[in-house]
Each structure stands twice: as structure tokens, then as C-alpha cells.
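A.B. asks: Protein chains in written order, with the numbering used here: chain Y, 1 to 187; chain Z, 1 to 659.
Calculated from the structure, these hints are not laboratory results. Please note that the accuracy of each hint is not assured.
Unchecked claim - Below, simulated SDA-like cross-link-like pairs (lysine to any residue); rule was C-alpha separation at most 20 Å, straight line:
hint : chain 1 : residue 1 : chain 2 : residue 2
1    : Z       : Lys-458   : Z       : Leu-202
2    : Z       : Lys-137   : Y       : Ala-79
3    : Z       : Lys-137   : Y       : His-104
4    : Z       : Lys-545   : Z       : Ile-535
5    : Z       : Lys-150   : Y       : Ala-182
6    : Z       : Lys-146   : Y       : Ala-79
7    : Z       : Lys-146   : Y       : Gln-10
8    : Y       : Lys-153   : Y       : Gly-11
9    : Z       : Lys-235   : Z       : Leu-202
10   : Z       : Lys-137   : Y       : Pro-116
11   : Y       : Lys-156   : Y       : Ser-94
12   : Y       : Lys-122   : Z       : Asp-269
13   : Y       : Lys-120   : Y       : Tyr-42
14   : Y       : Lys-120   : Z       : Leu-246
15   : Z       : Lys-150   : Y       : Ile-14
16   : Y       : Lys-153   : Y       : Ala-79
17   : Z       : Lys-156   : Y       : Glu-19
18   : Y       : Lys-120   : Z       : Asp-269
19   : Z       : Lys-146   : Y       : Ile-14
20   : Z       : Lys-137   : Y       : Tyr-42
21   : Z       : Lys-146   : Y       : Gln-7
22   : Z       : Lys-146   : Y       : Ala-15
23   : Z       : Lys-549   : Z       : Val-303
24   : Z       : Lys-235   : Z       : Gly-220
25   : Z       : Lys-137   : Y       : Ile-14
26   : Z       : Lys-600   : Z       : Leu-572
27   : Y       : Lys-156   : Y       : Ser-171
28   : Z       : Lys-150   : Z       : Leu-133
29   : Z       : Lys-137   : Y       : Asn-59
30   : Z       : Lys-312   : Z       : Thr-638
31   : Y       : Lys-52    : Y       : Ile-14
32   : Z       : Lys-235   : Z       : Leu-246
33   : Y       : Lys-122   : Y       : Thr-132
34   : Z       : Lys-137   : Y       : Ser-94
Claimed, not checked - Chain Y residues, not near chain Z, derived (Cβ > 12 Å throughout):
hint : residue
35   : His-104
36   : Arg-106
37   : Glu-123
Note that CB positions come from ideal geometry on N, CA and C, so glycine has one too.
Here is how the chains run, residue by residue.
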Amino acid sequence: MYGLVNQAVQGMVIAGFGEDVWDRIKRDAGVDLEAFISMESYDDSITYSLVKSGSAILNMPPEAILRAFGEYWVLETAAEGYPELMQAAGSTLSEFIGNLDQLHSRVLMTFPELRPPSFKCKEVNPGELSVTYISDRVGLEPMVVGLIEGLGKHFKTPVEVSMVNTSAEPSAPAEFLVRYGATERPE
Amino acid sequence: MDFSLSKDLLRAAFPFHFVLDETMSLVDVGPGLQGLNAEMVPGSPASDWLTLQRPAIGFDFHSLTENSGLAFMIGCRAVDGLVLRGQVLHDPKQRVLFFLGGPRVANFAEMRDLGLGLRDLPPHDSMGDMLVLLETKQAALVDAQKLTEKLTMRRKWFQALIGASNDVVGVLDTHGRVQYLSPGIERLRGIPSERLVGELFLDWIHEEEAAAISAVLNDGNWGPDAGHHQLVHLKDSHGIIRTLDLSLRNMADDQHVGGIVINLSDVTDRLELRQQLLQVQRLDTLGQLAGGIAHDFNNLLFVIISYAALLKNAAEPGGSDYDDLDEILKAANDAADLTRQILTFSRKQDVDSSVLSLRTVIDEMMQMLGRLVGDQYPLRTRTEGSIGLTSGDEAQLRQVIINIVVNARDSMPDGGEILIDLEDVETNKPSLDCIGSPLPPGAYIVCTVTDNGTGMSKEVLDRAFEPFYTTKGRGKGTGLGLATVYGMVAEHGGGIFVDTAVGRGTQFSFWLPSCDSAEPTVIEPSSSKVSGREIERILVVDDSKAILKVVERVLGERGYDITTKSRPIEALELLQHEQVDLMLVDILMPEMNGMQLVEKALAQYPDIKVLMMTGYSTTGILKQVDEAELPVLWKPFTPSALLEKVREVLDGKVEQTPG
Chain Y
1 MYGLVNQAVQ GMVIAGFGED VWDRIKRDAG VDLEAFISME SYDDSITYSL VKSGSAILNM
61 PPEAILRAFG EYWVLETAAE GYPELMQAAG STLSEFIGNL DQLHSRVLMT FPELRPPSFK
121 CKEVNPGELS VTYISDRVGL EPMVVGLIEG LGKHFKTPVE VSMVNTSAEP SAPAEFLVRY
181 GATERPE
Chain Z
1 MDFSLSKDLL RAAFPFHFVL DETMSLVDVG PGLQGLNAEM VPGSPASDWL TLQRPAIGFD
61 FHSLTENSGL AFMIGCRAVD GLVLRGQVLH DPKQRVLFFL GGPRVANFAE MRDLGLGLRD
121 LPPHDSMGDM LVLLETKQAA LVDAQKLTEK LTMRRKWFQA LIGASNDVVG VLDTHGRVQY
181 LSPGIERLRG IPSERLVGEL FLDWIHEEEA AAISAVLNDG NWGPDAGHHQ LVHLKDSHGI
241 IRTLDLSLRN MADDQHVGGI VINLSDVTDR LELRQQLLQV QRLDTLGQLA GGIAHDFNNL
301 LFVIISYAAL LKNAAEPGGS DYDDLDEILK AANDAADLTR QILTFSRKQD VDSSVLSLRT
361 VIDEMMQMLG RLVGDQYPLR TRTEGSIGLT SGDEAQLRQV IINIVVNARD SMPDGGEILI
421 DLEDVETNKP SLDCIGSPLP PGAYIVCTVT DNGTGMSKEV LDRAFEPFYT TKGRGKGTGL
481 GLATVYGMVA EHGGGIFVDT AVGRGTQFSF WLPSCDSAEP TVIEPSSSKV SGREIERILV
541 VDDSKAILKV VERVLGERGY DITTKSRPIE ALELLQHEQV DLMLVDILMP EMNGMQLVEK
601 ALAQYPDIKV LMMTGYSTTG ILKQVDEAEL PVLWKPFTPS ALLEKVREVL DGKVEQTPG
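Between the sequences and the hints, there should be enough to build the whole structure, so can you do that?
C.D. replies: Here it is in C-alpha cells:
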């Protein structure tokens, strides 16, 4: 994964628990790096080790960490670090999720080693989206829940995400049902 | 196979296209362009909506056709800031011009300001890719900037930390050349650390120590992470030899260090302090030992002197027995002088203090000192400014000066000048490290005796103040001279400094606290009670039966009624049923010391007179005796001295404070 992801994990831990806890997690994970470079590619095992150590030290299940990380990714990493890109990718929840594949394909030009997931979005009923997620990495579905919840907050749209099924193997589709309400308009 | 692009496909592929006929009217407008300006519809003149910015040609059908190979930039009047970038293609068959292109934007912010998003760009348009690239590169730049700031802060933090440390840390290459040393090295070398890079560290230290370190560095078995530790000596920028605790760690294979990590800790002061502490402890131990011996020795001398005096009194003057006994008494008195010196070293002698001018004392001594050292040793005094007063025992201070001057003389077998300096010194230092206990801040009178004699090695100086230590050879010195000086100066609350080296001579200074004014010593007149001449009863208490026997005989012969007890408990029992006029009590006794016995006795019988006697006592008990203002008779004493003192106490010429 790119350093951007590990930076986000670092940012989330420091914001919630402080530098000392982050240092402990890093030590426990055997990560001997002062900082991550956003555009440099790191082995996936680093990210997994950080999540595993975070789970043990913070006494939180890995799923909860991934879900919190998904939300943090949208609200802090993407919205703070790439606000224009976020804005250019869509102005509503459904438009944004619908544009994600196109966004990822453009991002691939910049991050050639990126292995982004694919998102397909279909409005099954008014206020109900069916989101299909395909990734060659397994076990990251809780992070997708957090990502969609984060997007709901980003677009000021109440959402309720439920996992319909999970992927048992790499590149097998997982499905989510997203119920969303009316978007709050600024007064 | 002929084929053409349908209007719908054209609109999907180029949402910002437009088509012009030969009259320069709009034939078709792409949905993206129309989305920005809904009034821009087919049939309207192009010049109403569009302006040609580049190339610099006329905005007419012919000019556009002629230049259709160029890149065009066309402004949109209705949308502020929107410039379309693309190319113009001429279709002669349909007699129309196609403009195929899209908005020219530099970043997502411009895109947003135009009301556009990524969704408005067709997937094949690489403009979107470029904007993503720019956005991420910009974020990466911010990232790098933050990282640089963090690393700069961390570097400054480490620099401050290392700079504030008293230790020096650094890295040497495997040959011992300096790669880096922390700023603390400037305190030692007097040169900024960056200017020492490349110098051979081993050149700075003692040759033998450098050889030992070099052997370690060249030892093939001294592998990664191996350590080495030793003391080294380095001459600092003031020419003073400093002792450094050196640690080395081999981190040559560590990619982050790539050298030998060195740590230098200046332990000079710590070692000197430890040395001083050991010296004080050694002198104190010797003092206690010497005092203990003097106590027993005094008791024996007292018995010898007393019996010799009794025999001499009975002998006929001029007879051989009389002369022999006189010789015994002289020798015993010499021995008593010796024990007095030992007691001075162990600081158990009373100081008879008065305010005095050391300058006057020395001036008065000059003639005597001159005779003492001889013509080969010219004596000179030098005084810096006016010299204040000090409080002390004049006789003891005279002894101090004599002992130091004699030592100076003896260090110059071929003769030489002896200089005596006097000066007032005021020190604000929290403590001055001298021989003995450190001196507190304050004003001092400093007397320095300088010679250019043989000087002393460190080993000799370390032991110079020990009693019976002498370098003068058998029979030439008692080894008590400097020990006595040490005891006397310490007793006066002063300190001793010695600056000496073999072949360089010696500067010997003693510091005494100065006092503000000469307050006259008032001697209280003693009351003169007249005692009756009835037989007075005296209780003598001493754990030495030999002393009890001789005291009983001396006082008994004078007509006193004597009772002796060797245990304080027995003395107290006797007092319960018998009356005594005077208690003569030894201070240092097992079971109960003399002061405890006297306190108990006076608590019940406050009218009893008390006379204490001692040959040596610990400072604590003596202080109690002194506070109770009890008279003391120092052993060994002569029978006449005993009789005289007993009479004085009984007559009330010496007052005592009742317990």
C-alpha cells in the first residue's frame, strides 16, 4: 500500500490516543520508520501489522479499527489532504460512489502500483443503494463500511450501511446495502 | 467500409465541442458547453459566445479552415474564465468546421470555480489524469514539507540535548579520526567541534592510553557492538590535565552510524572529591586511633610522673636518687608533650581562643624563625593590603607557622628563600575543596609559605598529614609536624591548600576565618570563698586502678579523706549514704561516662564540687563538660598540679554550674 494509507493509520492513532501510543504500536509491529512518504509504495504487511498491534494495544477488535480507519480516511486524509479531488469526484453520496472507479483509474496514473478496489453502485429503491465491492485484498469489508459512513458525514447525508455478504476470497464481490436520507443543505 | 461518427457519439466523446457553418453560425453545441450556458444554442452567431484567443488569426471561416492544424484557444463570453483548448477540423464535404476540445484548467480549484467536476470530463480525456497527478503531487509536497519541519525540530531537539550535556558524545572512524563530536568538546579542547573533524582523537590523550585504545581498534576480534571502557587523560585548553571516563562502542557496521561511538565524561572533579573524602576519612580514623593510644599512654604517664614526683619529694636534693628521679620526670614530661601533639592531631585539645592579628603574630616570630632555620634560609614576608583579624589560639598558631617553615627549610637541603605571604581573601564559592572538610563561603586570612625546594609527589602529599608519616629519614622527623598543623588548622575552622610538584617547590597555605573586630577577652573574676580547714572528703572515680591508687596516695598524704571507686555505679551507691565534698571523675569510662555520672550525682546532691580529669575524650563528651562549665584536669599531671587544682575547686576559685 502507498504511504498515504499508513500515514492515515498514524494520523488516526495519534489524534485519538497520542504519540506515545503510536510509538508503542509501531514498536510492537516492528516498524522502524520515522515517517511514511505518501507517494511511496510499502509492503501490505506493514499496514496489516500496524492494525494487528493497534488492536492488541488499544484493546479493540481489528474490525472496529478498520471501520474507524475507513471513516478517518474520508473525513481526514482525503477531505483534508485532497479536498479539490474529493469535490471534483462528486457532489452527492451516490454520485461520488458512482464515480469512484473513474477516480481510481485516474489516480492509477499517479500511483502506478496502486491496486485499488472496484465499486459498482446501483439505486435499488429511492434512498437505497446497492454497492458491490471487489478487491484483491481480503478482509477489508469493515473498512468499506467506515468509508461509506465517512462519506455520509462528508456529504451531510445520514447513512445506514449493512453488509449483505462478504468476499470469501480475493476478487470475489462483496455487497453492501446503503440506506441514506435527505442531504442537509446549508442554511 | 464507410462509417461516420453519429451526433450522439460525438456529443458523448467531446462534450465541449461545437460545429460552425460557413456563416460562422453555431450548428451544434456539446452538452458540457451548453450546460454552462443554456442560451448557446444552434443558429446563433458564434461571435456572440466565443472569442478566438490563439492563434492570432481572424475569427472567420476561411482563416479557421486555413489554420486547422494548429491548437486553438477559444474564450467563452458567457462563462467568466472559461477557455476551451482543442483543434478545429474542416469538413469540406459538409462545409462545416468542428471544434473538438475541452476546458483548459490548471487545477481542480479552477474546475470547481467553473462549476465543473471530473464527471464532466470524458474518460479518455487525460486532463482529469493530469489534475489528479497535480493534486497528489501537491499533497506530497506538503507532506515532504511537514516531514522536513519535523526532522528539523527533532535535529534541533537532539542538538540542544547533546549541547546541554556535560558529556561529550560523537563518532570516530575506525582509525580514531573524529567524524563528529558534540559541542561539549569545546569546553575541553577550546576549539569548536566542527573544526576538530578529521583530527586523530588518539593524538589528544596520553601516549600509553592512546596505544591501548589503538590496540582495541585494531583488534580483529573487536566486532560489531563490542564496547571498550577506560580512563584517559587529556590536557584541556587551560593546560590542566583532565581525567575522562571514555566509552567506545563499535558501530562501524551500523548503516546509520558507520563508525565508533565515543562517550567522554569528565570525572576529574569527582575523582578529586573522592580522593579528598578518602583522605579525610583516613585522617579521622588515624585521629581516633591516635587519641585512644594517647588516653592509655597518658594514664601510664600519670602514674609514672606521680610516683616519680612523690619519690623525688622524699629524696634528698643533690643525691643520686634525686637526680635520677629528675631525669625520669623530664623524660616522662617529654613523653607527655608527644601525646599532646598526638591529641592536637586528633583535635581533642582545648583551643584557648582570642581575637588576634596573624600579621602581628608573624612579625613577632620573625627573629625566632630566622634563628630556627639558619642563615642559609633567608626569610621574607609579603603582605597584600591590610590584613584583618582572626580568632584563635595564639600558641597553636605559632606552632602551625613553625612547623610549616621548618618543613620548607627541610625541603631545601642546599638552602633557599622562604617566603611568607599574608592576604585577605573573600570567597563566594559554595564550598572550597581543601585538605580536610570543605570551607564555606566567607572572609579568610590566608597565610602562604613558599619554598623552591624538592616539592612533593602526589603520593607523598596524599599521606603528608598522617601522623608519623615522614620523608625525613629515621631520627630526623617525628612525622607529627604536618599532622599537628592539620589538627590545629581544622580546630580553628580553617583549611589547608598545598600546591606542589616534585622539583617545583611547595606553596603551603592555611586559611583561617577572619573576624570583624577585636573584642577584648573578658576574664570573669573568680569568687573567693574561704573554705574551712576541716578534713575534706574526696570521691575519686576512674576505671584505672593504678590511677586510683596514685591519686589516693597524693591526696591522702595531703590530709584529704579519700574514697576511690573504679565503677560509676558504685560511686552513685556510695553517695546515697555518705557525704563527700569533691568528686574527682575520669571522663572516659566504660558502663557510664564521667559526665553521665556527674549529672546523676549533681541532680541529687547539687552542692558537691566536681573536678573532671581526662587524657583523651571524644568531642561530644568534652563539649558537654565544657557546656556544664566543669573544670578539667588534663592527664598526665603532676602531683602538685593535682593538689593545686583540687584546692582551687574546693575553695570555689573555679566555678561550676550545678547540674
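A.B. asks: Now look at each hint and say whether the structure bears it out.
C.D. replies: Comparing the hints with the structure gives:
{"no.": "1", "hint": "Z:Lys-458 to Z:Leu-202", "result": "violated, 26 Å"}
{"no.": "2", "hint": "Z:Lys-137 to Y:Ala-79", "result": "holds, 16 Å"}
{"no.": "3", "hint": "Z:Lys-137 to Y:His-104", "result": "holds, 16 Å"}
{"no.": "4", "hint": "Z:Lys-545 to Z:Ile-535", "result": "violated, 24 Å"}
{"no.": "5", "hint": "Z:Lys-150 to Y:Ala-182", "result": "violated, 43 Å"}
{"no.": "6", "hint": "Z:Lys-146 to Y:Ala-79", "result": "holds, 18 Å"}
{"no.": "7", "hint": "Z:Lys-146 to Y:Gln-10", "result": "holds, 14 Å"}
{"no.": "8", "hint": "Y:Lys-153 to Y:Gly-11", "result": "holds, 19 Å"}
{"no.": "9", "hint": "Z:Lys-235 to Z:Leu-202", "result": "holds, 12 Å"}
{"no.": "10", "hint": "Z:Lys-137 to Y:Pro-116", "result": "holds, 19 Å"}
{"no.": "11", "hint": "Y:Lys-156 to Y:Ser-94", "result": "holds, 12 Å"}
{"no.": "12", "hint": "Y:Lys-122 to Z:Asp-269", "result": "violated, 81 Å"}
{"no.": "13", "hint": "Y:Lys-120 to Y:Tyr-42", "result": "violated, 27 Å"}
{"no.": "14", "hint": "Y:Lys-120 to Z:Leu-246", "result": "violated, 67 Å"}
{"no.": "15", "hint": "Z:Lys-150 to Y:Ile-14", "result": "holds, 15 Å"}
{"no.": "16", "hint": "Y:Lys-153 to Y:Ala-79", "result": "holds, 11 Å"}
{"no.": "17", "hint": "Z:Lys-156 to Y:Glu-19", "result": "holds, 19 Å"}
{"no.": "18", "hint": "Y:Lys-120 to Z:Asp-269", "result": "violated, 77 Å"}
{"no.": "19", "hint": "Z:Lys-146 to Y:Ile-14", "result": "holds, 16 Å"}
{"no.": "20", "hint": "Z:Lys-137 to Y:Tyr-42", "result": "holds, 18 Å"}
{"no.": "21", "hint": "Z:Lys-146 to Y:Gln-7", "result": "holds, 12 Å"}
{"no.": "22", "hint": "Z:Lys-146 to Y:Ala-15", "result": "holds, 16 Å"}
{"no.": "23", "hint": "Z:Lys-549 to Z:Val-303", "result": "holds, 9 Å"}
{"no.": "24", "hint": "Z:Lys-235 to Z:Gly-220", "result": "violated, 30 Å"}
{"no.": "25", "hint": "Z:Lys-137 to Y:Ile-14", "result": "violated, 24 Å"}
{"no.": "26", "hint": "Z:Lys-600 to Z:Leu-572", "result": "holds, 8 Å"}
{"no.": "27", "hint": "Y:Lys-156 to Y:Ser-171", "result": "violated, 31 Å"}
{"no.": "28", "hint": "Z:Lys-150 to Z:Leu-133", "result": "violated, 25 Å"}
{"no.": "29", "hint": "Z:Lys-137 to Y:Asn-59", "result": "violated, 36 Å"}
{"no.": "30", "hint": "Z:Lys-312 to Z:Thr-638", "result": "holds, 12 Å"}
{"no.": "31", "hint": "Y:Lys-52 to Y:Ile-14", "result": "holds, 16 Å"}
{"no.": "32", "hint": "Z:Lys-235 to Z:Leu-246", "result": "holds, 15 Å"}
{"no.": "33", "hint": "Y:Lys-122 to Y:Thr-132", "result": "holds, 9 Å"}
{"no.": "34", "hint": "Z:Lys-137 to Y:Ser-94", "result": "violated, 27 Å"}
{"no.": "35", "hint": "His-104", "result": "violated, 10 Å"}
{"no.": "36", "hint": "Arg-106", "result": "violated, 4 Å"}
{"no.": "37", "hint": "Glu-123", "result": "holds, 16 Å"}
The structure is inconsistent with the numbered hints 1, 4, 5, 12, 13, 14, 18, 24, 25, 27, 28, 29, 34, 35 and 36, although it conforms to all the rest.
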